[in-house]
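With chain A held as given, fit chain B onto it using these hints.
So the chains spell out like this:
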Amino acid sequence: MRDDPSVVALVERAAGSDQSAWNDIVDRYAPLVWSICTRFQLNSQDTEDVGQTVWLLLVEQLGKLREPAALPGWLAKTTAHECLRVVTAARKSERLGRLDDAMQFADDTVLEEEVLTAELNAGLRAAFAGLPLRCQQLLALLLTDPVPSYAEISSALDIPMGSIGPQRGRCLNRLRRSPALIALVEGDIGVAVAGGEPGA
Amino acid sequence: MREASQVRDGWDDEQLMAALREAMRARQAVPDWFVETGRSAYAWHNIDAELAQLTYDSSRDTERTAVTRSENASIRALTFASPHLRLELEVSGHSLLGQVIPPQAGTLETHTRAGVTTSQVDEIGCFAVDPIPDSPFRLRCRMADGTDVVTGWITL
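Read top to bottom, the protein sequences are chains A and B. The working numbering numbers the first residue of the first sequence as 1 and each following residue consecutively. The working numbering numbers the first residue of the second sequence as 1001 and each following residue consecutively.
The shape of chain A in the complex, shown without the other chains:
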């Protein structure tokens, strides 16, 4: 992601034998898989089972993905499929009785929204990671909760208080022009989850 914001390139590298490309894929999409597991309210062991299965299925699919750009949609659908499997199994053993509730989280509309949000977030994080260090430092401070005073920021970053506002604006403009976000806007990333069976 640092060198190439394109998911397609990451998938191609991981299909070779590039562990760092694979790690970037996992880092980028773990929040998507995690968020869907959270919707299903899985406990941590079930969440780990689902995560393990989803990533293994992806490992097996790496060389076969015809449209790597459709990866986020595939991940969302596969995760929901595995979550449903876990919830169904739990229901059989009478630990839980919430299959009907769970079905709604596997709905295509819900999953598409998950994918859109996850892609936007991943794009923003990639864009942030691509900013000059000074911008990252300034924005990271401004994102702290509670936000430090301008005097504290001025002292922490050794810049005049009067230039904090203008620098913030310039950094955010750089963020807007980031290739990681432009790729997102130009539809480089597939969001469709309808159609296509998860490789189970």
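Worth flagging that the hints you see were computed from the coordinates, not collected in a lab. Just so you know, not all the hints are guaranteed correct.
[Said to hold, decoys possible] Pairs of lysine to aspartate or glutamate residues, derived as EDC-like cross-links and limited to a Cα-Cα distance of at most 20 angstroms, are as follows:
id	chain 1	residue 1	chain 2	residue 2
1	A	K64	B	D1048
2	A	K64	B	E1050
3	A	K64	A	E12
4	A	K64	A	D18
Predicted, not measured: the structure shown is a model, and the values here were computed from it.
Structure of chain B alone, referenced to chain A:
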């Protein structure tokens, strides 16, 4: 719903900061162990073993279950098949009994998230996994003739 194009064209600085804060929060919400699970899955990339896929599961076979329910409703049988090998599995009490077809000796590896345990496949292709792992596992058979097969993930 938020659209990526809004980031560039429609959002003022405050909205962009809020979105950035949310993006960071979403990443920080994911525990390290969850990311680690994903990273370690790459160990299975380019494994030479042939994938044996589930071809039969008695628990999904409702017709057969109805017929045999009175006799052995508690027996769960699974079959995994690859082009060169078939694995017949049967759950019996706390252990898992299996046979490799065609029958031959070899080594059986049981892979779980905790690691790998090894057991022997005897000359008529029989083996036992005891106890049955309580988390998902894969069975990998390395046979005397060089055949190397791994099942998909099994949860019992």
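Hints, one by one, checked against the model:
Straight-line distance between C-alpha atoms of K64 (chain A) and D1048 (chain B) comes to about 16 angstroms, which keeps the hinted pair within the 20 angstroms bound. The hinted pair formed by K64 (chain A) and E1050 (chain B) meets the criterion: a straight-line CA distance of about 16 angstroms does not exceed 20 angstroms. Between K64 (chain A) and E12 (chain A) the alpha-carbon distance is near 10 angstroms, which keeps this suggested pair within the 20 angstroms criterion. Among the hinted pairs, K64 (chain A) with D18 (chain A) is consistent with the structure: their alpha-carbon atoms are about 16 angstroms apart, no more than 20 angstroms.
When held up to the earlier numbered hints, the structure conflicts with none and fits them all.
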